[in-house]
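J.: So the chains spell out like this:
Number of protein chains: 2
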Amino acid sequence: MKRILISIAVFLIWSASFCFAQTIIEDFQPSPVNQPGREFPQVNSEGRVRTQIMAPDAKYVQLDIGGVKYDLVKDESGLWTGESAPQDVGFHYYQLNIDGASVPDPGSLLFFGACRWGSGIEIPSNDQDIFALKEVPHGHVHEILFPSKSTNTSRRAFVYTPPGYDKATSERYPVLYLQHGYCENETSWPSQGRANLIMDNLIAEGKAKPFIIVMTYGMTNEIKFGGLRNFDIKPFQTVLLDELIPYIDDNFRTLANQENRAMAGLSMGGFETRLITLNRPDVFAYYGLFSGGVYKSEELVDHKNLKLVFLSCGSKERPDGVNAAANELRNGGFNAVSYVSEGTAHEFHTWRRSLHQMAQLLFK
Amino acid sequence: MKRILISIAVFLIWSASFCFAQTIIEDFQPSPVNQPGREFPQVNSEGRVRTQIMAPDAKYVQLDIGGVKYDLVKDESGLWTGESAPQDVGFHYYQLNIDGASVPDPGSLLFFGACRWGSGIEIPSNDQDIFALKEVPHGHVHEILFPSKSTNTSRRAFVYTPPGYDKATSERYPVLYLQHGYCENETSWPSQGRANLIMDNLIAEGKAKPFIIVMTYGMTNEIKFGGLRNFDIKPFQTVLLDELIPYIDDNFRTLANQENRAMAGLSMGGFETRLITLNRPDVFAYYGLFSGGVYKSEELVDHKNLKLVFLSCGSKERPDGVNAAANELRNGGFNAVSYVSEGTAHEFHTWRRSLHQMAQLLFK
Numbered sequence: 001m002k003r004i005l006i007s008i009a010v011f012l013i014w015s016a017s018f019c020f021a022q023t024i025i026e027d028f029q030p031s032p033v034n035q036p037g038r039e040f041p042q043v044n045s046e047g048r049v050r051t052q053i054m055a056p057d058a059k060y061v062q063l064d065i066g067g068v069k070y071d072l073v074k075d076e077s078g079l080w081t082g083e084s085a086p087q088d089v090g091f092h093y094y095q096l097n098i099d100g101a102s103v104p105d106p107g108s109l110l111f112f113g114a115c116r117w118g119s120g121i122e123i124p125s126n127d128q129d130i131f132a133l134k135e136v137p138h139g140h141v142h143e144i145l146f147p148s149k150s151t152n153t154s155r156r157a158f159v160y161t162p163p164g165y166d167k168a169t170s171e172r173y174p175v176l177y178l179q180h181g182y183c184e185n186e187t188s189w190p191s192q193g194r195a196n197l198i199m200d201n202l203i204a205e206g207k208a209k210p211f212i213i214v215m216t217y218g219m220t221n222e223i224k225f226g227g228l229r230n231f232d233i234k235p236f237q238t239v240l241l242d243e244l245i246p247y248i249d250d251n252f253r254t255l256a257n258q259e260n261r262a263m264a265g266l267s268m269g270g271f272e273t274r275l276i277t278l279n280r281p282d283v284f285a286y287y288g289l290f291s292g293g294v295y296k297s298e299e300l301v302d303h304k305n306l307k308l309v310f311l312s313c314g315s316k317e318r319p320d321g322v323n324a325a326a327n328e329l330r331n332g333g334f335n336a337v338s339y340v341s342e343g344t345a346h347e348f349h350t351w352r353r354s355l356h357q358m359a360q361l362l363f364k
Numbered sequence: 001m002k003r004i005l006i007s008i009a010v011f012l013i014w015s016a017s018f019c020f021a022q023t024i025i026e027d028f029q030p031s032p033v034n035q036p037g038r039e040f041p042q043v044n045s046e047g048r049v050r051t052q053i054m055a056p057d058a059k060y061v062q063l064d065i066g067g068v069k070y071d072l073v074k075d076e077s078g079l080w081t082g083e084s085a086p087q088d089v090g091f092h093y094y095q096l097n098i099d100g101a102s103v104p105d106p107g108s109l110l111f112f113g114a115c116r117w118g119s120g121i122e123i124p125s126n127d128q129d130i131f132a133l134k135e136v137p138h139g140h141v142h143e144i145l146f147p148s149k150s151t152n153t154s155r156r157a158f159v160y161t162p163p164g165y166d167k168a169t170s171e172r173y174p175v176l177y178l179q180h181g182y183c184e185n186e187t188s189w190p191s192q193g194r195a196n197l198i199m200d201n202l203i204a205e206g207k208a209k210p211f212i213i214v215m216t217y218g219m220t221n222e223i224k225f226g227g228l229r230n231f232d233i234k235p236f237q238t239v240l241l242d243e244l245i246p247y248i249d250d251n252f253r254t255l256a257n258q259e260n261r262a263m264a265g266l267s268m269g270g271f272e273t274r275l276i277t278l279n280r281p282d283v284f285a286y287y288g289l290f291s292g293g294v295y296k297s298e299e300l301v302d303h304k305n306l307k308l309v310f311l312s313c314g315s316k317e318r319p320d321g322v323n324a325a326a327n328e329l330r331n332g333g334f335n336a337v338s339y340v341s342e343g344t345a346h347e348f349h350t351w352r353r354s355l356h357q358m359a360q361l362l363f364k
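Going down the list, the protein sequences come from chains D and E. According to the numbering used here, the first sequence is numbered sequentially starting from 1. According to the numbering used here, the second sequence is numbered sequentially starting from 1.
Honestly, the hints are just simulated from the structure, not real lab data. Hints are supplied without guarantee of correctness; some may be wrong.
Any copy, or any two copies together, can satisfy a pair, since identical chains are not distinguished.
With a straight-line Cα cutoff of 20 Å, these simulated EDC-like cross-link-like pairs (lysine to aspartate or glutamate) come out [claimed, not checked]: (1) Lys-149 x Glu-135; (2) Lys-307 x Glu-171; (3) Lys-167 x Glu-243; (4) Lys-316 x Asp-166; (5) Lys-59 x Asp-75.
Quick caveat, the model's predicted, so the values are computed rather than measured.
Chain D with its partners taken away, still in its complex shape (with noise of 0.2 Å):
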């Protein structure tokens, strides 16, 4: 009997390893995101991410991604190789783990993302063409530092003109001042956000209007990432309405007027949009929340002029409390969209894809 149990295990662990050998596809491409020349990391068609990393002397490393460690195993010459399970289309962060330590993996770029620059990798998608870098007019993206009189510094803020902007020097342009999420900051948009290039693709197909973006740091309080508890608008709002706008409107060829601005963010960035509207109705026309709440018909009676409520979120995370806060402020007669991202949980490819949908919508 005990021979049989044995033969039994002996057997189930050798099919198992066989099945596990058999679903890991070797289409493995590099990501699209590597450091120039890197063959590592890459991605197969099923998502799973593989990279290499040369550690002769480490005891283990690990690839951390998606809140997993997935162990990497030691070749003679001490390159050590692994994957992950399966990863959702899109962006996102990881680390690598080399014997306890948490360090950015060299092959890879690095973003802005979990309060650090670290390692990204982007898994494809079927519509990644809409973020992709194609053979059209491009707008430019201007590092701007505007002076901040309430936090006493220089603030750096992105600044997305769109195609044609610097030629055409009697037009002025609506704006959309767009939010990053918690623990990243003004890079986040413009790099794996890739807001100037969903522009550019949207203004060459004629399906947006072209429009400025602004996108700043929404962390005021610097870096203090004790939770949102205790989260207080006001110095950003301050920021924002009465020194960021009025430096925009200063040295940018704006429409500097409620009918002609937009205010948008994912996540954290989406909660100060929800805030600062509320707060400030007379400032923006057009409102934004990806993945970062929702607006009820009784918070908007007094917004004059408002023009769109746009909510959105991956299908992963709360789609159903987005559709219903949408059909409430419909009935309650405001012209509110929802959008849920097929797929995709609470990570930058909902985000860019709720761009990609709301810019269409802007200023029209």
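On the provided structure of chain D, position chain E as indicated by the hints.
T.: Leaving out everything else, chain E in the frame of chain D:
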């Protein structure tokens, strides 16, 4: 006798360790180019770099800077700490070595150099004020994508426009084309080079005429880091002269003629500047080679409207060669200026200072 020798040896070891302990001055401060909120790496008044990383299961961790590896020491919590020897003032690339793996220090911001995005450290200098972020009007740094038929891509460049450019819509500006070095890229000048802050400060002090700076990627044959011996300037010359300059003149308010156009570069970028200006003496009126070679009078005899030749390097490079070449050019009737950066080698502080010097001589 043997006992005496042992006593002497013990004394020498004891006094050496005492002296060594004495030489590290405990006035370490966080590097100004750390990731937000990070206390390490730090630098002391001697220019030593101290860093820390948690790696409880590592056998060894080293700080790898300036071609030398310094051992870190582990405490009982698994935190490794250690210091380098004193470094030259200014900016240096570095990395960590964890059990044989070369990785960025998670405490540092990331910079492109040595063919990869990696850690950088800033050693205070008595002239760091030239690139400090001050309360002065700031120019903008535009990230642009320009079409390049010769390489069949959209290529990236950064364009500095001086303070007031966006408002002074009837004004036109001269342009400096400014190149990075080998294994750096178009981010190197606006990031570790601080080109925009150097210009903002000079313009605020009235020491430089406002002009545009254009910085693009100069290793046109993509990533073939195979050495410069077989370097062919033609592909980059085509991108620069036939594609980038026309795009800039079309999309920015430039003074589009030789008298208002300068080219300069550091190291390999100086090598490129030299070759392109020799091939095409009609395009630029100001030439700058920063640690990037020299010209001889006989090479420049047919250069009409040449206004300035600027040659520079660090005092730890070959200052005699640079000074002699400038002398020879002056004897040949050319307006040649040499500059030697005191106490620095083939590194970015030499080149920041070189830009600071040359900018004051341009377009006047």
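J.: Which of the numbered hints above does this structure break?
T.: Hint check: 2 and 4 fail, others pass.
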